[in-house]
Amino acid sequence: EDVLRSASSKYVFSSVLSLLKEIYGDESIRSAALVGLPCHIHAFRNMELHPGTEHLVKKVAYVISLNCGGANLDEEHWKALVEKLTGVNGEDIASFRSRKVSGTGLRFTVTRKGGGVVEKEMPLRTYLAEIDRSGIWERCRMCPDYSGELSDITFGMPVMRTPRGEEAVLSAVKEGALMRSSFKRRASQRVIDMVMSRRKKWRAKRTMARREKEGKRVPRFS
334 EDVLRSASSK
344 YVFSSVLSLL
354 KEIYGDESIR
364 SAALVGLPCH
374 IHAFRNMELH
384 PGTEHLVKKV
394 AYVISLNCGG
404 ANLDEEHWKA
414 LVEKLTGVNG
424 EDIASFRSRK
434 VSGTGLRFTV
444 TRKGGGVVEK
454 EMPLRTYLAE
464 IDRSGIWERC
474 RMCPDYSGEL
484 SDITFGMPVM
494 RTPRGEEAVL
504 SAVKEGALMR
514 SSFKRRASQR
524 VIDMVMSRRK
534 KWRAKRTMAR
544 REKEGKRVPR
554 FS
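Position 95 of the sequence shown, counting from 1, maps to 428 under my numbering, and the rest follow consecutively.
Derived by calculation from the structure, the hints in this document are not laboratory data. Predicted, not measured: the structure shown is a model, and the values here were computed from it. Hints may be right or wrong, so weigh each one.
As the list claims (entries may be wrong) - Subject to a maximum C-alpha distance of 30 Å in a straight line, what follows is the list of computed DSSO-like cross-link-like pairs (lysine-lysine):
1. Lys-417 x Lys-392
2. Lys-392 x Lys-412
3. Lys-538 x Lys-549
4. Lys-453 x Lys-354
5. Lys-507 x Lys-391
6. Lys-391 x Lys-417
7. Lys-391 x Lys-354
8. Lys-534 x Lys-546
9. Lys-412 x Lys-534
10. Lys-412 x Lys-391
11. Lys-507 x Lys-412
12. Lys-392 x Lys-546
13. Lys-534 x Lys-417
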């Protein structure tokens with residue numbers, strides 16, 4: 334029930350890994366699933382290998398990742414971006430949703446605080462260009478992972494990446510918690526995921542090359 338109540342996307346920073354200490358100290362919690370972004374997953378996998386933090390990760394049975402295009406902005410920058418994209422005053426925004434449409438486009442839906450809905454569509458590449466100009470954190474610009482490549486399971490379009498992840502999904506289907514059916518993945522979805530993944534890797538490579546040239550530190554991925 335808690336999972337269902339927390340459904341949907343909230344574009345805010347979240348220190349997911351800070352909860353590991355709380356889970357470790359709570360004897361009533363025997364196992365847990367970590368749900369985070371690719372950056373959380375990378376950090377968690379490093380913690381599994383680090384001799385000083387293995388006690389914090391041992392209760393985590395499954396590692397689940399969401400897709401992330403790297404558009405992590407604070408509230409002020411999000412309001413400014415949505416206002417630029419849709420024309421709705423930032424202080425009048427109650428909620429903002431983006432959904433994929435046919436081809437390589439997105440549809441934005443903004444609900445005003447006083448009521449009323451504004452919708453607008455634009456090409457994905459236009460949206461990504463605006464995101465790049467909207468104050469993304471430098472560290473996010475260096476992340477090459479769009480789909481949580483080190484996770485057990487990736488959502489939105491589900492991907493079972495490890496035997497443990499496959500076992501969890503098939504068990505949920507068997508118990509009736511998930512429904513399985515055959516479907517044909519839309520070409521638009523494949524194109525959008527491909528564009529997002531390639532663009533994020535390209536942006537990370539370009540950003541790290543610039544920082545190395547400037548003598549600044551860059552992360553190492555293994």
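Cross-check of the supplied hints:
no.: 1; hint: Lys-417 x Lys-392; verdict: violated (44 Å)
no.: 2; hint: Lys-392 x Lys-412; verdict: violated (38 Å)
no.: 3; hint: Lys-538 x Lys-549; verdict: holds (14 Å)
no.: 4; hint: Lys-453 x Lys-354; verdict: violated (43 Å)
no.: 5; hint: Lys-507 x Lys-391; verdict: holds (26 Å)
no.: 6; hint: Lys-391 x Lys-417; verdict: violated (45 Å)
no.: 7; hint: Lys-391 x Lys-354; verdict: holds (11 Å)
no.: 8; hint: Lys-534 x Lys-546; verdict: holds (18 Å)
no.: 9; hint: Lys-412 x Lys-534; verdict: holds (26 Å)
no.: 10; hint: Lys-412 x Lys-391; verdict: violated (39 Å)
no.: 11; hint: Lys-507 x Lys-412; verdict: violated (43 Å)
no.: 12; hint: Lys-392 x Lys-546; verdict: violated (41 Å)
no.: 13; hint: Lys-534 x Lys-417; verdict: holds (26 Å)
Comparing the model with each numbered hint stated earlier shows that hints 1, 2, 4, 6, 10, 11 and 12 do not hold.
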